[in-house]
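**Q** Protein chains in written order, with our numbering: chain A, 1 to 311; chain B, 1 to 435; chain C, 1 to 297.
Simulated from the structure, these hints should not be mistaken for laboratory data. C-beta: ideal position from N, C-alpha, C; glycine also.
Here are the simulated BS3-like pairs of lysine-lysine, each with C-alpha atoms no more than 27 Å apart in a straight line:
id, chain 1, residue 1, chain 2, residue 2
1, B, Lys428, A, Lys275
2, A, Lys72, B, Lys428
3, A, Lys275, B, Lys386
4, B, Lys222, A, Lys72
5, C, Lys288, A, Lys108
6, C, Lys23, A, Lys213
Where chain B lies over chain A, by a calculated footprint (3+ residues, C-beta under 8 Å):
id, region
7, 239 to 251
8, 268 to 278
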Amino acid sequence: MTAISLPRRARMTVSQWRSLRNGLLFVSPAIIGLAIFTIWPIAQSLYYSFTDYNILQPPYWFGLENYEDLLKDRVFGIALSNTLIMVLIGLPIHLIFDILMALLLNSKVRGLPLYRTIFYIPSITPVVASAIVWLWLFNGQYGILNVILRWFGIAPIGWLTDPNWTKPALIFMGLWFGGNTILVYLAGLQDVPEEMLEAAELDGANALQKTWKITLPMISPIIFYTMIINIIGYFQYFSEAWVLTANREGAAGGPANSILFYSMYLYQTAFQQFKMGYASAMAWILFLIVLVATVILFRTSGWVYYHAENT
Amino acid sequence: MLNMKRRDFLRLSAAGGAAAALGGLPLSGLAARPTKQQAFLNYWTGWSGFEFDVLQGLVDQFNAEHPDIFINMTTVFGQYDKVLTAIAGGNPPDIVSAVWLRQLVGIAARDALTPLTEFAARDGIDGTGYFPQLWSNWQWNGELWGLMVTSNSNLLAYSPAVFAEVGATEAPKTLAELDEISMALEKVDSDGNIERVGILPAGLRWWGLVFGGTFYDEANQKITANDPKIVAALEWMAGYWSRLGPEKVAAFQSGFGDYLSTQNSFFVGKENITQVGEWFIQFQKQFAPDLEMNMMAAPPPEGGRANCTTFDGSVFAIPAGVQNPEASWTFIKWLSEDEHMGEFCYNIQNIPPKVAPASEERFVGDPRFQLALDLLNGENAFGPDKMPVNDFYGTRLTEAETAVKAGQISAQEALDRVTQEVQEELDKTLERLGI
Amino acid sequence: MANTSSPATPSLLYRSTWRQNRKTVEGIQKAIAYILLTFMALVYVFPLYWLVVTALKTDSEVFLVPPTLFPANPQWQNFLAATEYIPFWRYMGNTFLIAGLTIIGTLFSCTLVAYGFARIKWPGRNILFLAFLSTIMLPSQVTMIPLYITYRSMGWIGTIWPLVAPSFFGNALYVFLLRQFLLSIPQDLSDAARIDGANELGILWHVMLPLMRPALATVALFTFVGVYRDFLGPLIYLTDQDQWTISLGLKMFQNQYGAQWQLMMAASSLAMLPTLVLFFLTQRTFIKGIALTGIKG
Numbered sequence: 001m002t003a004i005s006l007p008r009r010a011r012m013t014v015s016q017w018r019s020l021r022n023g024l025l026f027v028s029p030a031i032i033g034l035a036i037f038t039i040w041p042i043a044q045s046l047y048y049s050f051t052d053y054n055i056l057q058p059p060y061w062f063g064l065e066n067y068e069d070l071l072k073d074r075v076f077g078i079a080l081s082n083t084l085i086m087v088l089i090g091l092p093i094h095l096i097f098d099i100l101m102a103l104l105l106n107s108k109v110r111g112l113p114l115y116r117t118i119f120y121i122p123s124i125t126p127v128v129a130s131a132i133v134w135l136w137l138f139n140g141q142y143g144i145l146n147v148i149l150r151w152f153g154i155a156p157i158g159w160l161t162d163p164n165w166t167k168p169a170l171i172f173m174g175l176w177f178g179g180n181t182i183l184v185y186l187a188g189l190q191d192v193p194e195e196m197l198e199a200a201e202l203d204g205a206n207a208l209q210k211t212w213k214i215t216l217p218m219i220s221p222i223i224f225y226t227m228i229i230n231i232i233g234y235f236q237y238f239s240e241a242w243v244l245t246a247n248r249e250g251a252a253g254g255p256a257n258s259i260l261f262y263s264m265y266l267y268q269t270a271f272q273q274f275k276m277g278y279a280s281a282m283a284w285i286l287f288l289i290v291l292v293a294t295v296i297l298f299r300t301s302g303w304v305y306y307h308a309e310n311t
Numbered sequence: 001m002l003n004m005k006r007r008d009f010l011r012l013s014a015a016g017g018a019a020a021a022l023g024g025l026p027l028s029g030l031a032a033r034p035t036k037q038q039a040f041l042n043y044w045t046g047w048s049g050f051e052f053d054v055l056q057g058l059v060d061q062f063n064a065e066h067p068d069i070f071i072n073m074t075t076v077f078g079q080y081d082k083v084l085t086a087i088a089g090g091n092p093p094d095i096v097s098a099v100w101l102r103q104l105v106g107i108a109a110r111d112a113l114t115p116l117t118e119f120a121a122r123d124g125i126d127g128t129g130y131f132p133q134l135w136s137n138w139q140w141n142g143e144l145w146g147l148m149v150t151s152n153s154n155l156l157a158y159s160p161a162v163f164a165e166v167g168a169t170e171a172p173k174t175l176a177e178l179d180e181i182s183m184a185l186e187k188v189d190s191d192g193n194i195e196r197v198g199i200l201p202a203g204l205r206w207w208g209l210v211f212g213g214t215f216y217d218e219a220n221q222k223i224t225a226n227d228p229k230i231v232a233a234l235e236w237m238a239g240y241w242s243r244l245g246p247e248k249v250a251a252f253q254s255g256f257g258d259y260l261s262t263q264n265s266f267f268v269g270k271e272n273i274t275q276v277g278e279w280f281i282q283f284q285k286q287f288a289p290d291l292e293m294n295m296m297a298a299p300p301p302e303g304g305r306a307n308c309t310t311f312d313g314s315v316f317a318i319p320a321g322v323q324n325p326e327a328s329w330t331f332i333k334w335l336s337e338d339e340h341m342g343e344f345c346y347n348i349q350n351i352p353p354k355v356a357p358a359s360e361e362r363f364v365g366d367p368r369f370q371l372a373l374d375l376l377n378g379e380n381a382f383g384p385d386k387m388p389v390n391d392f393y394g395t396r397l398t399e400a401e402t403a404v405k406a407g408q409i410s411a412q413e414a415l416d417r418v419t420q421e422v423q424e425e426l427d428k429t430l431e432r433l434g435i
Numbered sequence: 001m002a003n004t005s006s007p008a009t010p011s012l013l014y015r016s017t018w019r020q021n022r023k024t025v026e027g028i029q030k031a032i033a034y035i036l037l038t039f040m041a042l043v044y045v046f047p048l049y050w051l052v053v054t055a056l057k058t059d060s061e062v063f064l065v066p067p068t069l070f071p072a073n074p075q076w077q078n079f080l081a082a083t084e085y086i087p088f089w090r091y092m093g094n095t096f097l098i099a100g101l102t103i104i105g106t107l108f109s110c111t112l113v114a115y116g117f118a119r120i121k122w123p124g125r126n127i128l129f130l131a132f133l134s135t136i137m138l139p140s141q142v143t144m145i146p147l148y149i150t151y152r153s154m155g156w157i158g159t160i161w162p163l164v165a166p167s168f169f170g171n172a173l174y175v176f177l178l179r180q181f182l183l184s185i186p187q188d189l190s191d192a193a194r195i196d197g198a199n200e201l202g203i204l205w206h207v208m209l210p211l212m213r214p215a216l217a218t219v220a221l222f223t224f225v226g227v228y229r230d231f232l233g234p235l236i237y238l239t240d241q242d243q244w245t246i247s248l249g250l251k252m253f254q255n256q257y258g259a260q261w262q263l264m265m266a267a268s269s270l271a272m273l274p275t276l277v278l279f280f281l282t283q284r285t286f287i288k289g290i291a292l293t294g295i296k297g
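Next up, chain A with everything else stripped away, as it sits in the complex:
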């Protein structure tokens, strides 16, 4: 009995080979797409970030100068901090608010379909159209929000004219736009098994304890999922702020650049000033930030509780 150690990857059977071929054929659009639209551009982007390139003239090697300039760029610092504030403050507010709304909706109220529709619809309206309504609502002198404030005797707020209020205004507006997340949470809540909750009740748990100890952990995968999806969205925040602040000359960002976000500044640098190299450097820095954020998110995801019975 000779101990022949076969190589780990023994030859495949014909049907295995066919499966491999078929599998690759079917997913080929995705693989090709991955190469053309993701991997190759990322590499190109890195190259351009080391050049000075304005499209009309050939690229000009710049070394690390773009990155050095970024460190000194005052407006870049503002754009970066604005974006980070939205991610670290705006996103949690959005998600927490949506969870609370979903919990409310889950308490077996009548007319659920109607509520659901009302909360969902804003999220499918074109951003430009809806942002324009909010532009009017936020208007300092004629907007209904300030009219209501004056009614209560509070001084009117410069929602879009006071740099201290522009981000809260956006966050407030974002809650309106983000109603679809409420429905995602609701779907998850409805999957929480009744028996668990009843059992907890019999053990004497009140509503708060039930929610904290059972409901939330049960939907934690969904919460994690929405965090991931939304964090990308918040890092790429563009349309809402652009519609509210961009004027005819292409300047945007609101008073004191208070709602100039990373992708807006990148857009202006790349497509208005045509400094492609500089903009590519910006893009790469964002890439690295998001990478780090993703890793941190996944590393600290111990609180996510995966149920065993789902595939």
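Guided by the hints, dock chains B and C onto chain A, whose structure is given.
**A** Then chains B and C, alone, in the frame of chain A:
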């Protein structure tokens, strides 16, 4: 609920295809279809509204007179940045006039335009007959980059009737008088909201020059935004904001109607001294024909410049890489002829850049127009600074102006910052260009 | 013997009051929930209400303070007038064209790709799937500029192809959704078809597709909404005004005529109609689709 057929997949795709086809319908169809032998030229203009209509009349005339060329004009509604975007994107229009004079050098420096030097030399256009201060602004680095068919100079408009309300019988000659009249005109309602103002000064470049400052030291290629006179100008402007309250002013301005309409803030009396060009004469005739409107030069402070104006305007140019620059040039040359230039300028009340048409009675018969013309020909008429980062400079100045008016930063600090940042940008650009 | 009944009665009493208390507490909780929900629902609906109401006002009524909650004299012609200020229908048409092509591309590619990841077993499948999925986390800015430069060299700037072409190569989110769906279909169906001699393409066409209808409808709907709402893409690539989508058209309307709020609102309302109408016609598909995307991160 699971009885679907694969036909439904086909149906879905068909629906998608139908949507595509339906969507495709409105895409075909132009107002007038050109023939195959014609050179089809796209011309992007910045004018809109009634000004566009006037120009369209001239374009139609050109098309009729030139059977081998068809000009298709569209407006970018004042969004001039679209031009550079299109040029950079590789599919530019054949002719543009949506380029500000202050942008010309910057765009030319980027190799985005086709130089007109040879065309002009061949056809005998060498600046004779043009106002020299304009002609010199279209040349840079040894080439001619564009021609203007219209030009503007800047001045203030006011209504004598409203002035009479506060006891002002004649136009202010000094800045102090202007302040006095303006403050007398201001009205605030019981809630503290602004109802009416005199002037809300804007445009640091203009007022900085009125105060006697210099923005660019051409000999040394130095940015001088923090010239003490410019700082003083900015502080004066911001003074209006801080006195009225930045929030109140912002709210007030957000309620202004469309500029190009009867609801223009000047025509409805919200603003009573406004900064305009001579083209505003035509606006008034169109939208407020019964309003009596006078114009005056910006009154200077002590040590400032009297009868100071800035001039700018749309420049006709040919983007780089167009297929038929010859045809493009034919249109620009035709429009620049005295007769056509005169007709266009008269109907939109702009100053023709050529001396002969500008001196015609139909123009100078109106004293307001004559004033604008005198300012343009005066010794204190300033064009844009001829340097490649002019646009960037303008953007940073506007940012500084906004910040100072909102009370976020002092004028000195803001302008120091602008000077430093724009100087860096300028140095880098000049180095890249090897100038 | 007399003692046996006494412990029972208090506990019975206790349980019934306990239930009564619980019912009241529940009742109060429900009432609070109703109040909060109704209040929030009103807040959510209000901007849309205000949109239509403002669209119906005259230009002077718009600026009244305090504002009227209902237009004094509804100006229905504002809706028509708004469409004459910009080439409204052309822009709508452009948007539908792009949406239609994108839907075709998405359905086509995502179905194929999802099938390959779900119904065929092959080595490296899971790793490749994860790699593909990770593109969700990629900020679009990183690839935006090189893609723009590439498209420019192909002469595609100013056309709709930069917006449509990528959809033919699969979309990670929708592939994920379809794969989830496909995974839940029992293996026996495929095996039965294989025994009958069908190849993978045949199985996909004859067996899977009919079952995938709801999921495909969801993907089509979400794709439509996504294209309709897209702003940055058209902003960068549609440099020719004739090709603009309704989002770009609205922004220009705002830049140019935005001070005429009633017309601006009218234009915005009209722009919103397609997605709203679509939603009301296909509500269930939307809601189910949300549940599908939300399951298991």
